[in-house]
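**Student:** Each chain, letter by letter, is given below.
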Amino acid sequence: MNAIILQARQLSKTFHRPAKVDILKQLDLTVHQGESIAITGRSGEGKSTLLHILGTLESPSGGSLEIAGQKVSFFNKSRIRNDKLGFIFQSFHLMEDYTALENVLLPARIGRRDPSPKGKAWRDACSLLEHVGLADRLHFNTKLLSGGEKQRVAIARALCNNPDIILADEPSGNLDKDTSRHIHQLLLDLARHQGKTLIIVTHDPELAAMCQTHYRLLDGQLTEEW
Amino acid sequence: MFELSIACKYLIPRWRQLSVSIISIISTLVIALVVWLIVVFFSVKEGLENGWIDKITALTAPVRITPTEKYYHSYYYLSDTISANSNYNNKTISEKLLTPFTDPYDPYQDEELPPNWPAPEVDHTGNVKDLVKLAFSAAASLSGIEGLKVSDFETTIANLHLPRPHTSSDTQTPQFLEYPSFIGSFDADSFAITKTLLPVSPADSHRLLSLKIKDISKLPIAAATETGILMPSTSLGEPVLLPKGFRENGTLLGDQGYLSYYSPTPSSIQEQQIPIIVAGFYDPGIIPMGGKYILAGRDLTGLIRASYGQEENHFSNGINVRFQHINEAPAVKAKLQQALEKAGIAPYWQVETYQEYEFSKAIIQQLQSEKNLFSLISLIIIIVACSNIISMLIILVNDKKLEIGILRSMGASSGSIATIFGICGLVMGGIGSLIGITTAILTLRYVNELVGWISRLQGHDLFNPIFYGSTLPTELSFEALMFVLITTVAVSLAAGIVPAFKASMMRPSAILRAE
Chain A
1 MNAIILQARQ LSKTFHRPAK VDILKQLDLT VHQGESIAIT GRSGEGKSTL
51 LHILGTLESP SGGSLEIAGQ KVSFFNKSRI RNDKLGFIFQ SFHLMEDYTA
101 LENVLLPARI GRRDPSPKGK AWRDACSLLE HVGLADRLHF NTKLLSGGEK
151 QRVAIARALC NNPDIILADE PSGNLDKDTS RHIHQLLLDL ARHQGKTLII
201 VTHDPELAAM CQTHYRLLDG QLTEEW
Chain B
1 MFELSIACKY LIPRWRQLSV SIISIISTLV IALVVWLIVV FFSVKEGLEN
51 GWIDKITALT APVRITPTEK YYHSYYYLSD TISANSNYNN KTISEKLLTP
101 FTDPYDPYQD EELPPNWPAP EVDHTGNVKD LVKLAFSAAA SLSGIEGLKV
151 SDFETTIANL HLPRPHTSSD TQTPQFLEYP SFIGSFDADS FAITKTLLPV
201 SPADSHRLLS LKIKDISKLP IAAATETGIL MPSTSLGEPV LLPKGFRENG
251 TLLGDQGYLS YYSPTPSSIQ EQQIPIIVAG FYDPGIIPMG GKYILAGRDL
301 TGLIRASYGQ EENHFSNGIN VRFQHINEAP AVKAKLQQAL EKAGIAPYWQ
351 VETYQEYEFS KAIIQQLQSE KNLFSLISLI IIIVACSNII SMLIILVNDK
401 KLEIGILRSM GASSGSIATI FGICGLVMGG IGSLIGITTA ILTLRYVNEL
451 VGWISRLQGH DLFNPIFYGS TLPTELSFEA LMFVLITTVA VSLAAGIVPA
501 FKASMMRPSA ILRAE
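Heads up: the sequence lines are chains A and B, in that order. Counted from 1, the first sequence has number 27 at position 27 by the working numbering; the numbering is strictly sequential. Counted from 1, the second sequence has number 383 at position 383 by the working numbering; the numbering is strictly sequential.
Okay, chain B solo, but in the shape it has when bound (with noise of 0.2 Å):
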C-alpha cells in the first residue's frame, strides 16, 4: 500500500522538518501521557471497584432470592401460625426447608380457619406447593453455570455487648460496650468470604496467649482455608466474625461479650443473653451498613430471628445463589425468573442481582456514575492531547505540498493523498498509545513502590489504607486498555480527517505551476 509508505516517510523525524518532527513528537508524547494517566488511573479505580464488589458479593452472594408481600400472605406461609404441628410460629426459609410439612394445618386437631383465609397454592396434583423448597429446586437446577452454590441466608438485629476496648487501665472490672447490630449469617463455604478475613495482628496473638487455652485447636480463631471458613467450636461462647471497625477501636481476637435480644414469653417481653467470644475480624468493604454487621453460625441468627415476626423485613430473609462469575449475575437472575416462572411460583419470590439490592445499590449507582464521568473527562482530555495532531498535519501538508503535487501527476486519486495523512494522524495516535500503554503497565507494576515512595515524601499515606486497603490493584484493566485504543485511534483519524480534506483538494496544477 503506498499511502502507508509515503505516511510512514513523512512520520520519520528529520532535521530538514524540525519544526515538523518536533511538533509532532510533542504531540505524540502529549497522547502517551494522557493515555498512560488514564490506564493506570481506571486500571487502579477499577481494581478497586471490583475488590468493593467482591465483598459486597463475599458478604451477600451475586443473586439473592427474596420472598415478595405475596409469600407472606400465602397459605404456605401462614398456616404455620394456626398449625400445632408449627408450635403455632411462623417459620423462617431454613425452617421451612427442613420441616416434613408442606402443609402442617391439620383440619381435624387445628382451629377452623378464619374467613378470609387466604387459599392454599396448589398443584396440578391438588397439593400444597411447597414454595420454599421449589425454589430452591429452581435455583440448584439452573444449568451452565459454573460453581452454582445455593443455601439460605438470614439478617437479624440484636445488641452486642462486648467488653471495654482495652486501652483502659482498670482491667479488673468487666465493664461493657452495647453496640446495636445486625446479626448475618454467612456461608462458611464460600471461598469468596475468606477473601475477607483479615489477619490475626499481634495484639490478637498476645490476647490468645492470655486466654492460655492449651489445646491449639481449641484456639477461637476462625481460619481461612481453600474451601472457604473454618469457624471454631469452643465452649467459650458462640463464635462471631466481626467488621474491622471494631479491632480499630481496640476489640481484640478471643473478647467475649454477649449478644442481647427480647424474646415474647408467655407472661412478658424478656431479655434474653447468648455469650459469644470473637473469633475473627472482615472487612466489610463500602456496605453502608457493613460497621455494624457481624457474621455469626446460622444456628445463631435463626434463634434470634426466631423471636420476631419474619416478615418483618422482607430483605433478612432469602436464599444465596452462588457462582463462580459476578458478571454472569444479570444472565443468572434472567435463568432463574424463568426457572420459578416454570414452577408457578415466580409472583412469591423477588430476584436481584447485587447491583439491585436495597443497601448496595446506591453505591453500585454512584460507581457506574463515577465511571460514565470519567470515561467522559478521559474522552476529552484524548480529544485535547489528539488535537495537537490537527496542526501538526496542517503544517505537514504545507510542507509536502510539492510532494502531493507529484503524487497526482503520477495518478495518485484525492483519496489517496487523503489517506496518507489520514494515516499520518491514525500512527501517532496508535504509536502515542503504544508508549502510553507500555509505560502505564510498568507503571502498574511498580505502583505500590510508588506509592510509598510519595508517602514517605510526604509524610504520610498517599491512601488511606481504611478505604483503599493496604495496597493498590496493579492489574491492567483490560476494558480502559479498550476505551484508550479505540478511542485515541478515532479521536486521531477523525483529527486527521481537516487536513487530509485539504491535501486531497489542491489543485495539482497549481502547485506544480507554483513550484
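Chain A on its own, in the form it takes in the complex (with noise of 0.2 Å):
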C-alpha cells in the first residue's frame, strides 16, 4: 500500500440558508498515493461540496484535513492548492483571452516558476500539451477550441505543477459520449503514467467503474461501493 496522501477526519459541512443543512457528517476519507477515487450521489447530496473541500476550496466546518503530511489551514491552503492539486471542472473553466499553452502556463506562474520559452515550466506544458493531442494548438486561444479540446487543455493545466493528487468535477458533464470515453482514459491513463491520485466526482458509472475505489456520497457519509 502507498503512503496516504490524502486524510479527511470527522468532516462536516453544514449551510445555514436558506435553511440549516448538514450536508457532510463527520466523514472520514484516507487517500494513497496513486490511488483513483470516483465518488457518485445523487444530485444534491454534497459531492461538490466535498470535492471542493478536498480541494481547499471551501472551509469544513468541522474536522481536519491532511494532504500531502501538512495539515491544512487558512494561511497555507493556496500554497497547497498551488502544489499539491490540480483541479479539472465540468465546464473546464479556462481563462478566456488565453491561447491554450497560457492556460497550462497559469499554475506555473501562480507558483513563482519561470514562465518564459527557456524554463522549465514552459517545456513541461508543452510536452502536456502534446501528451493531450494538443501540439498543434498550442497557440489558439482556448475560444477557438471545442468541448473535448478544452477539457485537455484543463487537464494538462491541472497536471501543470507536478501535484499530487487530480481533483476533477464531472469531468465530461459537458461532453458528448465518445469524447467523454476519450476523455476518461487520457485522465485515467495520464494519472496512472504520473504516479497521480485521482479524486472524481461524477454521475457517469462507467468512469466510477474504471476507478479503483468507488465511494457512494449518501446522507452525508461516504460508503465504499464493491
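It is worth saying that the hints were derived from the structure and are not from the lab. Errors might be hidden in some of the hints.
Residues from chain A shown here face chain B by an in silico Cβ test under 7 Å; the list is partial [unchecked claim]:
| # | residue |
| --- | --- |
| 1 | E58 |
| 2 | S61 |
| 3 | R109 |
| 4 | I110 |
| 5 | L145 |
Bear in mind the structure is a predicted one, so any value in this text is a computation, not a measurement. For each residue, glycine too, the CB sits at the ideal point set by N, CA and C.
Take the two lone chains and join them into the complex the hints point to.
**Tutor:** Pasting the structure below:
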C-alpha cells in the first residue's frame, strides 16, 4: 500500500441558508498515493462540496484535513492548492483571451516558476499539451477550441505543477459520449502513468467503474461501493 | 509577476467588455485632464512666484544682516557722537567699514564720558570690538556657498521732483511734480538686478535724441552687463533708476529733476536739493513700497542718510549677503548666526532671510498660504477624479468573478487577487498622469501662444502684463510634477483597495459552482 496522500477526519459541512442543512456528517476519508477514487451520489448530496473541501476551495464546518502530510489551514491552503492539487471542472473553466499554452502555464506562474520559453515550466506545459494531443493547438485561443479540446487543456493545466492529487468535478459532464470516453481514458492513463492520485466526482457509472475505488455519498457519509 | 500580466490583460479595452472599457477610458481621461490642469496651473504659478521672489531678492538680498537695538545703544555706535575723530556724527555701516577708528573717542581731547554711558565691547586683548568689520568678516568667511558676495545697503527717504509728464501741451515752462520716495542703494555688480532692468522704449529713444548728446558713451542710460548694471557717468545729475510705474505715468529716460531732503545746519533745518537724471526703469515686482522705491548710487543715499539719525529705521541700513541659490537662504542664515556667535557679536545683529523681511514677509506668507490652499484643492480634485477608478474596478471585479475563482483554484492567494485589482487602479492612475503630464508639457511650451489666442478672442489681455509680465513662465514645475505623480498614484492605489478587497474576499467555491 502506498503512503497516505490525503486524510480527512470527521469532516462536516453545514449550510445555514436558506435553511440549516448538514450536508457532510463526520466524514472520514483516507486516500493513498496513486489511487484513483470515484465519488458518486445523487444531485444535491454534496459531492461537489466534498470535492471543494478536499481541494481547500471551501472550508469545512468541522473536522480536519491533511494533504501530503501538511495540515490544511487558512495560511497554507493557497500554497497547497498550487503545489499539491490540480483541478478539472465540468465547465473547463479556462481563462478567456488566453492561448492553450498560456492557460497551462498559469499554475506555474502563480507558483512563481519561470514561464519564459527557456524555463522548465514552458517545456513541461508544451510536453503536457503534446501528451493530450494538442501539440498543434499550443497558441490557439481557447475560445477557438472544441469542448473536448478545452477539457484536454484543463487536464494539462491540472498537471502543470506536477501535483500529487488531481480533483475532477464531472470532467465529462459537458461532452458527448465518444469524447467523454477519450477524456476518461486520457485522464486515467495520465494519472496512472505519472503516479497521480485521482479523485473524481461523477454521475457516470462507466467512469466510476474505471477507478480503483468507488465511493457513494449518501446522507453526508461515504460508503464504498463494490 | 503574474499579477501584473493579468492586470494588463484586464486593462486592455475589448469590445466584449464595452461598458468596462468605456468607463476605464473615461476614468483615465478625467485623471489626465485633472493632472494636466494642475501641472499647468502650478507650473505657471510657480514661475510667476519665482519671478516675484527673484525681484525681491534682486532688489534686496536673499539674506540680510541688520543692526539690533543693542547695536544702536552700544559704545561702538555711540562713541562717534562724542568724538572729534568722527566729527561728532553717527556713522552709517558703510562709513564704519571705511573708518580707520574702531574707537574714535580720545579721553584727552574729547569731553568726559557722560554717566551711564555704555561700556565698550572689548575682545580678549582688551581692544574695542569693531562690530561692523567683524560682521562683514563673519559673512565673507562663510564656506561652501556659491557666489557669495557681501556688501552694505542703505535706504533713506527724500522727495523726488520730476518734470510734469510729457503729456502736457505746455512744454516750455518746467513744472515739477513731487513724489515722496524711498531712495535705496543697490549692488550694481549683482547679476540678479539686471533681470529687473526694463529695456529702452521707443519714446525713451526719442527723448534721448532730443538731449542732443553727440558722444554716445555720455548718454544717461543704465546698461545691463554680464556682471551687473553699469550706471552712466554724466554731469546732468546723479543717475537714478525709477520703478516702472513712473514710465507708465509718462516719465522718460533722460528726464532731469532733483531730490530734496531736510538737513540740520547750525542755524536751522534747511532743504537740500540734489539734481538727478532718470537713467533707467526697473520692475520692482510685488514689493508693496516698490512703486516708490528709487535705486541710486551709495554716495547719494549716504549723503541723504547722513542728515538723519541712523537709528530711525533699523532696517534702512545693513549688510546684504548674496549668493547663487536662494533656496540655500535658511542654511546661510544658520551659518551666519553661528559665525556671529563665534565672533561674539550675535546680540548686535539680526539675520533674516528674504522670507522674513518686514516688507516681504506678508507677501511670502500669502504666497505660501495660496500654495497650501491650491495644493489642498488639487488633492480634492484628484480624489474626485480617481474615485471613478473605484466604480470601474467594482464593475471589473464583477465581470471577472469567474476568472477570480479559476485563479484561486490554481493556488492564487487572496493577496494576489487583491494585488491584481490594486495594480489595475495604479496603472489607470499612472497612465492618466502620464497623458496629463505630456499634454501639460506641450501646453506649457505653447502657453504664450495660447494666451495670445484667447486674448485676441476676448478682445483684451487674458493676463495683465503689469502683474504677470509680458509673457507667462513656461518651465515645468518639478514640485508640481512630483505632487501629481505621488498624489495620483497614492489615490489610485487607495481607490483600488475597496474593489481589491472585495475581489480577495470572494469564495472561490461559491463562484465556481455558481458559474
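**Student:** Each hint: holds or not?
**Tutor:** Here is how each hint holds up against the structure:
For A/E58, the interface hint holds, since its Cβ comes within 7 Å of a Cβ in chain B; the closest pair sits about 4 Å apart. A least Cβ separation of about 13 Å between A/S61 and chain B goes past the 7 Å threshold, and the interface hint is therefore violated. Hint status for A/R109 relative to chain B: holds, with the closest Cβ pair at about 4 Å, below 7 Å. With a cut of 7 Å, the hint placing A/I110 at the interface with chain B holds, because the nearest CB-to-CB distance is about 5 Å.
Taken as an interface hint, A/L145 does not check out: its beta carbon lies about 16 Å from the nearest beta carbon of chain B, beyond 7 Å.
Figure legend: structure checked against the earlier numbered hints; hints not met, in rising order: 2, 5.
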